[in-house]
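> Chain by chain, the residues:
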Amino acid sequence: MDKGNYQKLNQYHVIFLINGGIAGLGILTLPNDLSSMGFNQWLVPLILGLVANLALFPMIKLCSNYPKNNLYEINEKLLGPLLGKIINILITGYAIIALSRVLRGYLTLIQTTLLPQKSIIGPLIILLLLSAYVVKGGIKSVARFAILGFFLTAWTIYFSQWPIINGDVRNFLPLFNFTRNDFLYAFHRGYFSMLGYEIILFYFPYIMDQKRAFKHASIGIWITMFLYWAVCASSVVYFSIWQMSHLRYPVLSLLKSIQLSFVERVENFFIALWVFLILSTACLLLWLAQKGIKSILKKPTDLSLYGVLPIIFLMIKGPIPNRYEVFLYENLTIYGGYFLNLWAIILLFLHYIKQTREGKEAA
Amino acid sequence: MWFRGWINNIANNKKTSLQEESFNPNAKGEVSKEAIVAYLQDVDDALIKDISVGKGSATIVYIKSLVKMEILQELVITPLNTFENQDDPEEVLKISEKLAFDELPKLIEGVMSGLCIIIFYDRKSIYTIDTFSPPVRNLTSSESESTVLGPQEAFIEALESNFSLIKKRIRNPNLKTKVLLLGTETRNSVGVLYIRGIANQENVQRVLYRLRNIEFMGFGGTAVLKQMLEDKPYSPFPQFGITQRVDAAVSALLDGRIVIFLNGSPEAAICPTSFFEMFVSPEDYYNRWTTASLLRSLRFFGFFATIMLTPLYVSVLTYHPEVLPSTLLSLLMESRTKVPFPPVIEVLIIELVIEVLREAGARMPTKIGQTIGIVGGIVIGTAAVDAGLASNILIVLVAISALLSFLPPNFLMSNGSRFIRYFFILAAALYGFLGQMIALAWLLAHLANLTSLGSPYMTPVIPRSATDLLDSVLRAPINFFIKRKGISRSKKELTRPTDEE
Numbered sequence: 000m001d002k003g004n005y006q007k008l009n010q011y012h013v014i015f016l017i018n019g020g021i022a023g024l025g026i027l028t029l030p031n032d033l034s035s036m037g038f039n040q041w042l043v044p045l046i047l048g049l050v051a052n053l054a055l056f057p058m059i060k061l062c063s064n065y066p067k068n069n070l071y072e073i074n075e076k077l078l079g080p081l082l083g084k085i086i087n088i089l090i091t092g093y094a095i096i097a098l099s100r101v102l103r104g105y106l107t108l109i110q111t112t113l114l115p116q117k118s119i120i121g122p123l124i125i126l127l128l129l130s131a132y133v134v135k136g137g138i139k140s141v142a143r144f145a146i147l148g149f150f151l152t153a154w155t156i157y158f159s160q161w162p163i164i165n166g167d168v169r170n171f172l173p174l175f176n177f178t179r180n181d182f183l184y185a186f187h188r189g190y191f192s193m194l195g196y197e198i199i200l201f202y203f204p205y206i207m208d209q210k211r212a213f214k215h216a217s218i219g220i221w222i223t224m225f226l227y228w229a230v231c232a233s234s235v236v237y238f239s240i241w242q243m244s245h246l247r248y249p250v251l252s253l254l255k256s257i258q259l260s261f262v263e264r265v266e267n268f269f270i271a272l273w274v275f276l277i278l279s280t281a282c283l284l285l286w287l288a289q290k291g292i293k294s295i296l297k298k299p300t301d302l303s304l305y306g307v308l309p310i311i312f313l314m315i316k317g318p319i320p321n322r323y324e325v326f327l328y329e330n331l332t333i334y335g336g337y338f339l340n341l342w343a344i345i346l347l348f349l350h351y352i353k354q355t356r357e358g359k360e361a362a
Numbered sequence: 000m001w002f003r004g005w006i007n008n009i010a011n012n013k014k015t016s017l018q019e020e021s022f023n024p025n026a027k028g029e030v031s032k033e034a035i036v037a038y039l040q041d042v043d044d045a046l047i048k049d050i051s052v053g054k055g056s057a058t059i060v061y062i063k064s065l066v067k068m069e070i071l072q073e074l075v076i077t078p079l080n081t082f083e084n085q086d087d088p089e090e091v092l093k094i095s096e097k098l099a100f101d102e103l104p105k106l107i108e109g110v111m112s113g114l115c116i117i118i119f120y121d122r123k124s125i126y127t128i129d130t131f132s133p134p135v136r137n138l139t140s141s142e143s144e145s146t147v148l149g150p151q152e153a154f155i156e157a158l159e160s161n162f163s164l165i166k167k168r169i170r171n172p173n174l175k176t177k178v179l180l181l182g183t184e185t186r187n188s189v190g191v192l193y194i195r196g197i198a199n200q201e202n203v204q205r206v207l208y209r210l211r212n213i214e215f216m217g218f219g220g221t222a223v224l225k226q227m228l229e230d231k232p233y234s235p236f237p238q239f240g241i242t243q244r245v246d247a248a249v250s251a252l253l254d255g256r257i258v259i260f261l262n263g264s265p266e267a268a269i270c271p272t273s274f275f276e277m278f279v280s281p282e283d284y285y286n287r288w289t290t291a292s293l294l295r296s297l298r299f300f301g302f303f304a305t306i307m308l309t310p311l312y313v314s315v316l317t318y319h320p321e322v323l324p325s326t327l328l329s330l331l332m333e334s335r336t337k338v339p340f341p342p343v344i345e346v347l348i349i350e351l352v353i354e355v356l357r358e359a360g361a362r363m364p365t366k367i368g369q370t371i372g373i374v375g376g377i378v379i380g381t382a383a384v385d386a387g388l389a390s391n392i393l394i395v396l397v398a399i400s401a402l403l404s405f406l407p408p409n410f411l412m413s414n415g416s417r418f419i420r421y422f423f424i425l426a427a428a429l430y431g432f433l434g435q436m437i438a439l440a441w442l443l444a445h446l447a448n449l450t451s452l453g454s455p456y457m458t459p460v461i462p463r464s465a466t467d468l469l470d471s472v473l474r475a476p477i478n479f480f481i482k483r484k485g486i487s488r489s490k491k492e493l494t495r496p497t498d499e500e
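Going down the list, the protein sequences come from chains A and B. Just so you know, we're using numbering that gives the first Met the number 0 here: the first sequence kicks off at 0 and counts up by one. Just so you know, we're using numbering that gives the first Met the number 0 here: the second sequence kicks off at 0 and counts up by one.
It should be emphasised that the hints constitute simulated quantities derived from the structure, not laboratory data. All C-beta atoms in this analysis are idealised placements derived from N, C-alpha and C, irrespective of residue type, glycine included. Some clues are possibly wrong.
As the list claims (entries may be wrong) - Restraint-style ranges between C-beta atoms, simulated for each label pair: (1) D498/B x D301/A: 48 to 54 Å; (2) F225/A x T381/B: 37 to 43 Å; (3) S143/B x D208/A: 44 to 50 Å; (4) T381/B x Q258/A: 36 to 42 Å; (5) D301/A x S143/B: 52 to 58 Å; (6) D208/A x P235/B: 51 to 57 Å.
As the list claims (entries may be wrong) - Okay, the calculated bits of chain B under chain A, using three or more residues with CB under 8 Å as the criterion: (7) 151 to 160; (8) 423 to 433; (9) 436 to 442.
Pulled out of the complex, with its shape left as it was, chain A reads as follows (with noise of 0.2 Å):
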């Protein structure tokens, strides 16, 4: 655990704490995701990548005027204690069930491909109390595990060579053959595996260069939408229109394409490996949920870390009736990112009313 300065992380955390919290479970999903786009789907994440550094700058914006303040204090600060409470309480609640979806996602995937005859009760515990481990050394040591997992997934890229190569690569002409309502849904459920950016909002004051923070957020946005278009135009060189939109997971058929001659079946290992980009996120969300808990209660205390974990645990595992979990984490989670992306525009903009009430008073 590291206690030094309270600024602590440097140009490397801020650019791959942004790819963590992106890359994660919707890397897996997302030609799947895109799939109403057909053969043009590669061009959707260059402009996810556009919107997501649009709606970074007045995050930024808003964080620069509150150098020593997260989100949560913000609030606060702008909206008074009581309301400033609820949206805490609101935003805390969110990351939660993010967090719940990202293990969920990962795990029912574990179980259908690598573990069919498991219960995921064990691995989940597992992953819970890992991620508590990584989140106790505070964020420099959340960042330090998204470099970790950043390089040891990224490699994976050089594989995309063999979709390539026995695909076709006509299809990736870019054919312009799409709706707007194609493009907007497309949009809608790509910006599930974009999200993630906004928790700048949340360690900004951590950040040692604040000034240069969303040159550097803007990095880490780039490189994940490198891969993600990479992932994207591989599928559409290896896929069909049909086989895009039918395979829940795109991404593990890609691997099947590889042949090497001493292993077979290499996406077995690769989806175990994926474990590093799920923690990273993970990890990020339960920091997120546990500085939420520590802004509502009155005497923060580090056990709040710990009282998160059975939530989650009972999110994913608990009795909840399927309709209930479609609405949590297929509505509520991709409207709770707009919201926060919202949220910051709001904000600002309640800066700038309270900045000339306070000018004129002065004045």
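Given the coordinates of chain A, assemble chain B onto it according to the supplied hints.
Quick look at chain B alone, frame taken from chain A:
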């Protein structure tokens, strides 16, 4: 941690206080022969004798086992014989120091550290002469860190010899040697070496602060002292380097590290040290850079191979047989046809057998050690396969991973890798590939959280300063080394001028 409080509670229930019984050299006490005799009661190798000096008389006190007769003769007896009632005994005892008459505990401490003490009652003065000359082992080469090239002499169990081994290589007044007395009972000397201007002063202060705050009866060796200084004592990995080699200590000093010696222990602790440096041998710098790079990558990736190889066997056979091509799978299955255990039990048995062999070899007298190798390697290995207790392939894998675990030059890191391998085997048995990856994630998260003297122990791929990459798995040619390592946080970064000045 909660159990530390629990242990303290148990200790406090027994009503003993450390302070009451231990010896405090800074207390006051009147010197008299009776008092000295009382202190040194039952210390039968102490010599307390009245002698006549010139026309007066004096008392001489020393410990026979700490003082050689020749030294005593040369430094004390011969000068005293020339003493004929001059004004001051200091005229003949030139290198002596004076003690006051109320410093009895200090006198006793001096006696116990090998000083010879002469008390002149009629002059009311006490003189101490450093006659400390215990038996010292000869300089030999290090057995645990042997290299083909390079200086062969290694540290020995005497602090002064170790200092001189370093100082004859670094003739620089900036090489500072702080000596502290540590251990509430032993009061043994601990030396802290660093080069002022190169070592980070913050690090030096931190080491001295930690050393001064240790309250413990005494240390069996540097490794014990090192564990009390380390940032995370619960971790299975060493956070400070430890070496017996002089060249390793010298290059660490030149890089801005701090070297800690304990008198009576032939090892030096080097701090701060990074995870990667546990895999670096001084011989890497004597080899050509190509060979050194090859060997370093073997050692570094060997660490990950040794903790992954046998777990891979377990998880492939238990959960994912489909990853193997059919030829390899049939080979594996044929060799396992007679084995009556699940893979994890089989692996655990053979791993434990290897560990038992290693431990037996280490504890046994050297002459029997070779026999053990033959018994273990041939008899147990072949017989186990013939009896159907283990598969051929497993024996190969276990042997390879055992060999790989001995690659790190740091003995503690090599032990650590063998310990955590069992966790990987169990994780593989529980959840296959996923278990292995979770265990690896846990290992990396743990390593990323460790610190060595407050500096991060491991950098996650991106180095602390870009020049560190030139001395990492790739060992660049020597003229590429222009900066000290990032982990030293040295104020003087450059090791040579970079332009023509």
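> For every hint, state whether the structure bears it out.
Evaluation of the provided hints:
{"no.": "1", "hint": "D498/B x D301/A: 48 to 54 Å", "verdict": "holds, 51 Å"}
{"no.": "2", "hint": "F225/A x T381/B: 37 to 43 Å", "verdict": "violated, 54 Å"}
{"no.": "3", "hint": "S143/B x D208/A: 44 to 50 Å", "verdict": "holds, 45 Å"}
{"no.": "4", "hint": "T381/B x Q258/A: 36 to 42 Å", "verdict": "holds, 38 Å"}
{"no.": "5", "hint": "D301/A x S143/B: 52 to 58 Å", "verdict": "violated, 42 Å"}
{"no.": "6", "hint": "D208/A x P235/B: 51 to 57 Å", "verdict": "violated, 36 Å"}
{"no.": "7", "hint": "151 to 160", "verdict": "violated (count 0)"}
{"no.": "8", "hint": "423 to 433", "verdict": "holds (count 5)"}
{"no.": "9", "hint": "436 to 442", "verdict": "holds (count 4)"}
Checked against the numbered hints above, the structure violates hints 2, 5, 6, 7; every other hint is satisfied.
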